[in-house]
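Engineer: Here's the letter readout for the chains.
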Amino acid sequence: MRVMAQLAMVMNLDKCIGCHTCSVTCKQAWTNRTGTEYAWFNNVETRPGQGYPRRYEDQERWKGGWERTSKGRLRLRAGGRLTKLAKLFANPELPEIADYYEPWTYDYATLIEAPLGDDVPTAAPRSAITGEATQPTWGPNWDDDLGGSTEHGVKDPIAEKLRDELGIKIKFEFEQSFMFYLPRICEHCLNPSCVASCPSGAMYKREEDGIVLVDQDQCRGWRMCVTGCPYKKVYFNHKTGKAEKCTFCYPRVEAGQPTVCAETCVGRLRYIGVLLYDADKVTEAASVADEHDLYPAQLDLLLDPHDPAVIRAAEAAGIPHDWLTAARCSPVYQLIHDYRLALPLHPEYRTMPMVWYIPPLSPVVDAVSGSGHDGEHRDNLFGAIDALRIPVEYLAELFTAGDTVPVRQSLRRLAAMRSYMRAVNLGQETDEDIPASVGLTGEQIFAMHRLLALAKYDERY
Amino acid sequence: MRSPRKANGNGIENHHDEGAATTALLRLGRYLTRAESSADLHSVHLAGGREGDAFYRDRWSHDKVVPSTHGVNCTGSCRWNVYVSDGIITWESQDPDYPSVGPDKPEYEPRGCPRGASFSWYSYSPTRVRFPYARGVLVEMYREALGKYGDPVFAWASVMDDPMKRMAYQRARGKGGLVRVSWDEASEIAAAAHVHAISRYGPDRVAGFSPIPAMSMVSHAIGSRFMALIGAPMLSFYDWYADLPVASPQVFGDQTDVPESADWWDAAYLMMWGSNVPVTRTPDAHWMAEARYRGQKVVVVSPDYADNTKFADEWLAPHPGTDAALAMAMGHVILTEFFAERQVPYFTDYVRRFTDLPFLVTLTERDGAYVPSKFLTAADLGDEGAETQWKTVLVDDRTGEPVVPNGSVGFRWNEHDQGRWNLDLGDVVPRLSLLADPGHEGVEVLLPRFDADGVLRRGVPAVRQGGQLVTTVFDLLMAQYGVRRGELPGRWPSGYDDPAEPCTPAWQEEITSVPAERVGRIAREFAETAEASRGRCMILMGAGTNHWFHSDTIYRSFLALLTMTGCQGRNGGGWAHYVGQEKVRPLTGHQTLAGAMDWMRPARQMIGTAYWYLHTGQWRYDALRNDELASPLAAGKLAGTSAADTLAQSARLGWMPSFPTFDRNPLDLVDEADEAGLDPVRHATEQLREGKLGFAADDPDAPGNWPRVLTVWRSNLLGSSAKGHEYFLRHLLGTDANLRGEEAPPDARPKTVKWHDTAPVGKLDLMLAIDYRMTSTTLFADLVLPAATWYEKHDLSSTDMHPFVHSFNAAVDPPWQTRTDFETFHTIAKRFSELAERHLGVRKDLVATPMTHDTPGETAQPGGVVRDWRDGDVEPISGVTMPKLTVVERDYPAVAAKLATLGPLLEKLGATSKGLTYDVGEEVNWLRAKNGVATTGAAQGQALIDTDIKAADAVLALSGTTNGRLATQGFRELEKRVGTELAHLSAEHEGKKITFADTRSRPAPVITSPEWSGSESGGRRYSAFVINVEHAKPWHTLTGRQHFFVDHDWMHELGEALPVYRPPLGSQHLSGGPGDSAEVTVRYLTPHSKWSIHSTYQDNLHMLTLSRGGQGIWMSPADAEAIGAKDNDWIEAVNRNGVVVARAIVSHRMPTGTVFLYHAQDRAVNVPRSEATGKRGGTHNSLTRLLLKPTHLIGGYAQLSFGFNYLGPTGNQRDEVTVIRRRSQEVRY
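These protein sequence lines are chains A and B, in that order.
Each residue of the first sequence is one higher than the one before, counting from 1 in our numbering.
Each residue of the second sequence is one higher than the one before, counting from 10001 in our numbering.
Isolated chain A (complex conformation) (with noise of 0.2 Å):
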């Protein structure tokens, strides 16, 4: 046993807005220069939609993430270091800046510059990247809100796969509406594939924390960890040629401060701590042969912070005293593995993620109560959750690599604590088979809602 730190991150899907607040205080903070206009640390998808950049998820064009052989064992999908080096200068599988976005600008100027003429001055729109004169056509939050639904919706590639493999059609329709946000930052993977990716030896997961970041100095710009992240994660600075990408924002971290966007982030849905895991066991958890092990793999990989041989064995490996204190009472780790509300996202492409999901509830009852039925009724609560007017299906394809019980269960759980909260709030009488009927304690129900309701600060981060 290898006992290492990780810095790991739940957000509360079920709790997102959709207001970007996070994406925009990252971007202000860290990517509003020349060069890397075009690049969000932080950005938020409306789902079902392509994502940005847009169908990052289809690795069969790009190619992201690792692969298992036959044999066992993994490589990266985009192909081993020869197949690499053989195409440092031409790598097909690197999204080109319209699968981005062209950044655009406008001519502002004109407004207090104008000379007299025959009508009001307007700014007109000119690109970023090359001055001249442009029309936004895509954008990173292009599809928000479902816009374009009937054009771009039907190309998430999740859609995509749930109707050609499952048979599972999901309708842009009024009645049938269903939308929710993912924001997504770098999951700073236990076993990144952009590590493994750079032949330059750039990048780099730090021991202490596993935060995985780039050495601007060393980097040469051979673009082969945009290719290798299967999240598309990490950016080209076009201006000085080098990688970039979100770095958890160690220098607050490391003056103990939360990242950007979590302390900003007004849905109040971010959480960080600190996880335990056993750094020998990663390369077999991320091997297992079903996709659907990779995600129980990945959980068997955390390690108890209240094991004494645990904690015997990490200040050995040199986890200092607090570090293990901020172990036992992370609340990242209490959702992951004490309440199994967070999953990881597309465990699927064997990175070993560590920023984790609690998945949407809403809206959960409007299905079946449109059959006359009240839908937070216990009695129906269950079947409510199958009646989900997003699919279970598409968040088990985001986050379990399309195994439906572990979503149902966090699902349930989350729909068990209002059932239960409600007599609460009115004063009567609990019913205690609430909790027992998803495997919990009524006790546990209060202290899931302390952390996902109260949601203090201290006990966020």
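Check before you lean on any hint, since a few could be wrong.
[To be verified] Below, computed lysine to aspartate or glutamate pairings styled on DMTMM-like, alpha-carbon distance capped at 20 Å: (1) B:Lys10064 x A:Glu254; (2) A:Lys63 x A:Glu348; (3) A:Lys169 x A:Asp58; (4) B:Lys11175 x A:Asp118; (5) B:Lys10105 x A:Glu459; (6) B:Lys10692 x B:Asp10871; (7) A:Lys239 x B:Asp10058; (8) B:Lys10844 x B:Asp10663; (9) B:Lys10105 x A:Asp458; (10) A:Lys169 x A:Asp386; (11) A:Lys171 x B:Glu11121.
Quick caveat, the hints were computed from the structure, so don't treat them as lab data.
Keeping the supplied structure of chain A fixed, place chain B upon it in accordance with the hints.
Structural biologist: Only chain B this time, still in chain A's reference frame:
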């Protein structure tokens, strides 16, 4: 964060075995890099390398962090940290340091949104106004004239008097050609224009527009104070924005008072009805998301799949504007199941004590049946005490006898009834229904319906009282909602499934499309939850339901649901209307400074909608007659009139303010009287009676009655709120417009308002805009002054949404030649005062103000009966049957000195708000000591407020919410009138005085104060009307209770005495135009944007990048297909009012037949020329125009009396349709 500081160490990298060749390469590679690999090659220890990360550490480093906020009418009032590096603002992030709301609740941190997060982009952006600018054409003419005349005022007058010159610069408005000018020259032009307009036409021909004081109180107050000192009206905004829910004054006698968002947490049932919380209340939305985990049920009512629908347990999607039908049906279910079939003690007790339901209403015979008429009063019973016409009557259920309970407005203002203005019923049990009276008879009443032709005939139990047939409001309500009881006569629904009779669930389904079954179930759940939780059901309502022409009826149908179930005045319950950041928590101090009440009273305050309706010429195009709005049961009092007629009548009866007031300069009017040795008030009254003096509202197009100088600050009037944008351009400004409509035909013109065959074009001499960025307003202004941003000045902020007052602070000094609004108005005032020495001197002004709410004037016109002195119904009497006339001395050369000091009236008269006067002598002395005193001049010895921070401290010191001594003193004063104990509410904070420095340290929680109706005592969450419910303090209404029934004559004329469903107006439209493309006619809605706050941020590059980069119209796939448009195609929306060019955003979340153009995307960014006119496409308001509802003009009658931003006609804009077509994809800028 709990994670401790990290030590730098070596990075570790895992590599995976990929085969022999790779391994060989790796082994080779070991010697090529600095990295040290482990023997098995599975990890790479990177020595060094961290130096390469210095970039991000440098990037993060900053010199200081300064707390501030954004002043942008979003209700956010969020606390932000502004980062400064090398004297440059770099970025911002939220300051999470809010005082806790308690261990068992979520917290306010971190308030903010993406728009606020992008603000620092403006600081150094290319749209920043860095220097003063003026229209070159005008400046050249002015300079030439100045050379000739040598005097700025004469020079300005000479340009104004030359029609060719005037037309030349007016036609150049909005067409570029701005040139840099110096501050000296800019302020001289501004001052000269003001002096000229006052001298030639009168001070009421000048106006100021700056909305929403709460979003930066000092910046608002300074300009407003300048206007008040010179006698210029400030134009209202809350009603003009249609954010004012007129139902609130009608029902509560209150402008708007609602819970803070932390109180959403206390709700057990939450309906979001026309309020897209994640988008428009972004910092507060988490309360809703989190309260669900506490078992709160969430229902969303929205015609589109709005962002908040994602959180809803149930989504109801009525057709736009039909919400009242849905609410009336819910009311039908609740009244049937919780009042008729069984009684809920909690509900019954509540409505008896806190609503007008038990009060008696007279019935008047009509067509063999009856119509409800007026509240029975003590006067009707023959009482001879004080104010008996203002004391309403109910029946004591124990005795069956009529009683006159305490608390109606008749007990409020007279000495005799001191201590009886309360809701204490003693032993009296109000009788809700006269069915309980064995002697009742069932009579048929006629009730209006608007969903179909005809009237309703339904029975109520009635008895005779004071010689009149009466029933109760409750009995009328049951009839109105179609709830059959006993053997009452009339025609009733056969059941919930009867679609023919209002207000059944089946009836509403045909109107709204919402399934009847769901309506019944949700109404039942709502009431059951209210019963179980004792009133913890909340309806969060917003612009989606409030911006309609008939929004007052929509809102009353919502309020009825809440009031009948006992949800008002309860934590976690009641209405939660959030449209506009109207809550200035330190109210008294702000009002005092903004109105210059310390120097002179009263200030001129004008209803904005009426001002723009008349002065932008929109009345000339309005062919809507009041007959079309009238009830089928109307008595004909509005027959044949148009909105302009009712406006003129409202002005002359003293109901609503009207500026310019007379067809003469009010300064000259006093001179005339003085010369004749007459009392100016009597002189003017006589002249009015004799018809020698006219009202400007009777002839708004006469050049002497035009507005002449307009200053706009903290606002983008033209790009954001100007309903009828194109009318503004043509008539007010005199420049090109895309206006396509025709004027009203002769038979549809006003009866009493004078018609000039040629409409005036170009009324304003000067439009002055103060801003930090270029907007439609600055583009059209003659003078643009460069403003400091919110990160460059000191000010105060407060909101409905949270209970704190906090501050703006200057992170850096105003850059380039920018100045704070505070400095700018002092600059203008100084030059104005200098020019006034020669041109104005000391003058006397005759100010006409309406009968005002929360003053004894609100009991001027008993019974709500219209009596017009011009028709000889009554004598014209100042302040009783016509506006109140007051002579005010204006020492024009002393304006600058008075602007900078607190005047002597404070110590003499105290400070007043909401009918309560505070003795502020101690506070004034404290301010003298703290701020210093003026040592010379007209204000010698007066406390200084000559800096923004000193003024902020004056606002805080003079308000109960921020000064515990005043709060407690106010409650003691109120106790005398009410007769119940109140002062304990603020006693815990009697010694607390919040200063500006306190608001800078951290958001400061406010103190419970009589300025508001809720309580924060003991740290509880603010909910409106808690003081009324818990301490028997009356609402400020006729009965002192919450009103279901409003009995003014004009309310009857419009058939809105009771809650009722009125369909949206069916607007006519223009169709056709160039091109053969297919067209579609759609309902045109302009909801608040996800990517801007009104027009602010819509031009911000970050927001444009995260959205579609310019104006977009959301439409359904079916509508897009009908015109052959794909997503992102250029389209044009055209109607009689103007043209919009935009991109199509096609989405299945939109219902077919309705399109959205997000409000206020302005025309300054990415708006091409239109195909329809060849001119620049317009703003969202290019397709709208003003329509005035007569009932919003009522005055002089208890809660239906004027108050600034409290009551007035709304500038609604939802009842509009447009034609849309796909245009050529080649666009030209």
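Engineer: All hints, please: hold or fail.
Structural biologist: Right, here's what the structure says about each hint:
1. B:Lys10064 x A:Glu254: 19 Å, holds
2. A:Lys63 x A:Glu348: 13 Å, holds
3. A:Lys169 x A:Asp58: Since the Cα atoms of Lys169 (chain A) and Asp58 (chain A) sit roughly 18 Å apart, the hinted pair holds (cutoff 20 Å).
4. B:Lys11175 x A:Asp118: Judged against 20 Å, a Cα distance of about 9 Å means the pair holds.
5. B:Lys10105 x A:Glu459: 13 Å, holds
6. B:Lys10692 x B:Asp10871: Holds - the C-alpha atoms of Asp10871 (chain B) and Lys10692 (chain B) are around 16 Å apart, at most 20 Å.
7. A:Lys239 x B:Asp10058: 18 Å, holds
8. B:Lys10844 x B:Asp10663: With a Cα-Cα distance of about 17 Å, the restraint between Lys10844 (chain B) and Asp10663 (chain B) holds, given a limit of 20 Å.
9. B:Lys10105 x A:Asp458: 14 Å, holds
10. A:Lys169 x A:Asp386: Answer holds: Lys169 (chain A) to Asp386 (chain A) is near 16 Å, not above 20 Å.
11. A:Lys171 x B:Glu11121: 18 Å, holds
Comparing the model with each earlier hint shows no violations; every hint is respected.
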